[in-house]
Amino acid sequence: MINVPKDGGKVVIPAGKPAATGLPAQSDPKLTHWDRVESKLVGEVDKTDPKAKPVVKAKSVGLALLFWAFAAASVGGALFVVTRRNLIAAVMGMVGSFLGIAAVYMMLYAHFLSVIQMLVYAGAIMVLFVFVIMILNRPEDEPVAPSGRAGQAIGGLAILYLVGRLVMMLIHVQPARPETAVAAPAPVVLPVATTNPLIDRLPPCKPGEALRDFESTVDTCKPVEVADWGSTKAVGYDLFGEGLFPFEAISLLLLIAVVGAIAIARPLNEDDQTETTHKGKTA
Amino acid sequence: MIEDILLNVGYPHFLVLAAVLFLIGTAGVLIRRNALIILMSVELMLNAANMTLITFARMWGDLSGHTFALIVIAVAAAEAAVGLAIVVAVFRGRRNVDVDRLTALRH
Chain A
6 MINVPKDGGK VVIPAGKPAA TGLPAQSDPK LTHWDRVESK LVGEVDKTDP KAKPVVKAKS
66 VGLALLFWAF AAASVGGALF VVTRRNLIAA VMGMVGSFLG IAAVYMMLYA HFLSVIQMLV
126 YAGAIMVLFV FVIMILNRPE DEPVAPSGRA GQAIGGLAIL YLVGRLVMML IHVQPARPET
186 AVAAPAPVVL PVATTNPLID RLPPCKPGEA LRDFESTVDT CKPVEVADWG STKAVGYDLF
246 GEGLFPFEAI SLLLLIAVVG AIAIARPLNE DDQTETTHKG KTA
Chain B
502 MIEDILLNVG YPHFLVLAAV LFLIGTAGVL IRRNALIILM SVELMLNAAN MTLITFARMW
562 GDLSGHTFAL IVIAVAAAEA AVGLAIVVAV FRGRRNVDVD RLTALRH
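Taken in order, these protein sequences are the chains called A and B.
Under this note's numbering, the residue at position 35 of the first sequence is numbered 40, and the numbers go up by one with no gaps.
Under this note's numbering, the residue at position 1 of the second sequence is numbered 502, and the numbers go up by one with no gaps.
Source of the hints: derived by calculation from the structure; they are not laboratory data.
Backbone N, C-alpha and C define an ideal beta-carbon position, used for all residues, glycine too.
Relax, there's no trap hidden among the hints.
Derived coverage of chain A by chain B (criterion: at least 3 residues anywhere in the stretch with Cβ under 8 Å from a Cβ of chain B; other residues may be distant):
1) 78-86
2) 100-110
3) 118-129
4) 132-142
5) 158-167
6) 248-255
7) 262-270
Modelling step: build the complete structure from the supplied sequences, incorporating the hints.
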C-alpha cells in the first residue's frame, strides 16, 4: 500500500506528507483509514450526508470487536499462565496470549513485529518451555504453591499498588480518538543509495521535492523512496541505520547466551549424568 | 460514555491492555513458586512493555520504537534460554524447581 501515484512511469512523492519524525503524520486527521478505503470503493464519503455515516460506523464496530476479542485472548491467556497448576496448560495459555498480542501489534500497524512475535514467542520460546517441562518430567498436577507469609504480603501490596495506578490512569485518560489509532500512518521516507557518487553526496530530498527516476533528477537533492509504516523495509532501514550498534550488541549477547545456556545445563561429568538418569528411572 | 469506550478504540486502549498484561505478569512472579511459571510471567511482562513501546511509536510516528521492541524480543529470547538452563541445572541437583526452597545461599 505504498502511497505513490504512478503517472507515466514517473513516480512522484505526494507533497504534504510529513517525514517519519515528529508528530503523528496524518494527511487529514478527520479521515480515518476506513474512510479512505470507503472513498476508494464507493467514492468520496460525504461527511455531511447522514446516510454515509452508518457505513463508516459499521467498519469501526468491526474493528472494535476485533480489538476486544484479541485483548480478551491475551488477558485470558495471561490469567491462564498465572492460575493453572498444569504446566503444559500454562504454556498453552502463554501461546494464546502471545498470539493475541501479535494480533494487537497488527492493529498498531507493526506488521513486521507482529510476524516476529509469532515466530519467536509462539514458535521458539514456546518450544523451549515445552521441552524443558518434558525434561523435568514432573507430575502433571502440581498444587498451586503460594509463597510464604512475607512474600504474600509483599505481593499483595505490590498488586494493590499497581491496580491503584491503573485505576488512576483510567480515570485520567482522555476519551479515545478513534481516527488517530485507526488511520493508516503515512509512509516512511527512506534514503536511496544510488550508484552515482555525485547524487549520493547530496542531502536527501524532502517529500514532494524530487522525482524517483534518476535521469530526470536535478542535482539538488538525493532521491528518496517510501515504504509502508511498520513494514519490514521501514523497520530494516531504522534497524541498520540508527540501531546498528544495538543490533551488533544483540548478536554478541545471543552468542553469549547460547554458550552460557549449554555450559549451565549440561551435566558436570559423565558419572553425574548416568547417576541422574538412573535415579530418574528408579524414582 | 461506555459505548464511546467500547467502540472508539484508540491509543489508551492499547496502553491499558499493556498495563493489565504487565499487572498479571507481576502477580504471577510474586504469587507463584514454580520457577517455570515465574519465567513465563516475566515473558508476559516483557511483552507488555513491548506493546507500550509499539503504541508510543505509533503515536509519535517514530519507528525507533519498533527497533527497540525488536531488541527487547532478542533479549527476552536470550533470557528465556539462560533461565531455562538454570532451571534444568537446579532441577538436576535438587529434584524440584520451587523457588522458596532454594535457600542454599542463605547464611
